[in-house]
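Based on the provided sequences and hints, a complete structural model is requested.
Here the protein sequences come in this chain order: A and R. Our numbering numbers the first residue of the first sequence as 1 and each following residue consecutively. Our numbering numbers the first residue of the second sequence as 1001 and each following residue consecutively.
Among the hints, erroneous ones may be present.
To be verified - Looking from chain R toward chain A, a few residues come up when the C-beta cut is under 8 Å (computed): (1) 1026; (2) 1035; (3) 1042; (4) 1043; (5) 1046; (6) 1088; (7) 1091; (8) 1092; (9) 1095; (10) 1098; (11) 1099; (12) 1102; (13) 1106; (14) 1109; (15) 1113; (16) 1122.
Derived from the structure by calculation, the hints contain no laboratory data. For every residue, glycine included, the Cβ atom is placed at its ideal position computed from N, Cα and C.
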Amino acid sequence: MRHLPALIIAIPLASAWIVPLTSLVSAWLARLISITALMFTTLACYGSLKHAMTLPGMRWSYTFGGWEASSHGGIPIGIEHVIDPVSGALATLVAALALLTVLYSGPQIPLRRQVRSGVYHGLLLTLTTGLLGMTITGDLFNLYVFLEITALSAYALLAKTGNRATLASLRYILVGTVAATFYLIGLGHLYAVTGTLNMADLSVRLSQVQDSRLIGFALILITLALLTKMAVFPFHSWQSDVYTYAPPMVIPFIAGTMSKVVAYTLFRLFYTICFVDGSVAHHVARQVLDVVGVVAAISLVAGSVLAIAQKDVRRMLAYSSTSQISAVALGLAIGNASALIGAFTLAANHAFAKACLFVAVGNFHHRSGAQNIEYLDRLGIRMPLTGIAFTIAALSIMGLPPTGGFFGKWYLLSGAVEKRAWGYVLAIVVGSLLSAVYFARVIERLYVGSFDGTGHSPSRGGTPRKFSKENLPFLMVAPMAILVIFTILVGFYNYDLVSGLLQYMLPAGVEWKS
Amino acid sequence: MTINMVYGHLEYYLVAILLVMGLYGMIASTNLMRKVMAMNIMQVAVIVFFISLASKQGAMAPVLPLDENHHVKSVLAHEVVNPLPHALMLTAIVVSVATTGLALALLIRINRHFGSLEESVILEKMVKE
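Pasting the structure below:
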């Protein structure tokens, strides 16, 4: 029990090695191990969140090997895992989505190709390890290492499907490495001026630093790196290829969690490290956040516009992700209680809804081979459950009540109004309206499109084959249903969510009055 | 004044030059292999940067020396270079090896399928498919 925060990393990391080896003997056993491991990881995340909420200050710090991580005058050399309401909740979300993804991918990976199945599960587990590590670590360099673990497993997972995917993966490596390098240089500057890498320690020491140019340079580099990893416009170009060519079974997980975890890192950077009021660091951070806000507002609209122009559903959803994650970044940039609550709600909602959309698209593809919007003709009627799931998740992304997306946008809007940032208000409203446009186009196709889909010139990518009579396997429907239920629950129990969890996530000095 | 600015910070100019060279190479070259090599140059720039952070004038390697009776002699902090950036860069080197290895593996696959690593040739073949 005392070591839960270590187990969050240890379980998936250890099983990432065990699973490929086991798959040489039995692919079935390997799959069972990965499912069990992720179940325990989810429980560990949830358990440590529960425990952290009972502690004073709601912060559970776990130091490895008993080495002191935060200095009390001395030099911190230990590494720390920190569970607080934000990191605990996000870790639980990541682990749970990983579990659902493993269940979902089961029927799509033939067990007789043992090694392939083993490697896939192993990579998924390392990806989970990386994301969880980024979430709960209290050390900036450790975060870089986990960032690279995440990225490397994502590159490898992506390259599995074919030649276009390989090329997309190589581009992703180039962009991702530039981002990571920028992060590392920014980190180097922070280390040079403070002599520490621990976040809590850094916040104290950085508040005494007077050199605003140096802090500004470091923050700008790190922010650029994170915005690239989040795929905010104009740093988004890698994402659409990744989402289009990656194996359909892992995309729900990647789309649901990866950008959220990076957004969380942005939150940590600005609200944990640079939070001491009146310090130079805080002042510089506010200025950088103002720029982030403008970029996010532009990206919110631009992502939606780009999404409207797409033929391929997955590419459309990728640009929609750009728009949605920008809304989260905008919430962080506005920075008052309502906007931050809005950002958290939107992040949670987007994690469930976008994962659900990709599962639904994967299911359409599985039965009909359709990937372009024009081939989705009336599939919503032929596959009622998947159609409903897609529609509800789409409504939630659009922000219609009573889904979570509505409340997220509502809080975000009221945050922008409180701050009298009318430009942001306009961007949020326009972005939401445009998202209604591109989703309505797909939903219309799903329910009232011409029946047999002929009469269209067949274009590359997702040429439909004959509609398969076979029903979807249970394991491909169940995760979708669970995701839809969570999307709805985030909306229905929004008040309880805010009062029970989200309000404790707010950084010190930002009060929530309901 | 200007001489001092250059002289005391030569290594940082080296870092900046390497970084910009790497970035430029990744953007400007049309060959994928060259892009990966430029990416490596960029990663090396970071390593040089961190190592130069650790250095001190006249300091020795952070290893505790033994005296004639084979007892460990204590050293003062300013007598040894800071070992932490070195440790960090060991990790960064491992990361860069992994990234490069993966990139090279992908390059082999791309070359096998498209028969070239020139972007223009690959794009042409992709359009034909």
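Quiz item: Looking back at the hints listed earlier, which ones does the structure fail to meet?
Solution: As far as the earlier hints go, not one is violated by this structure.
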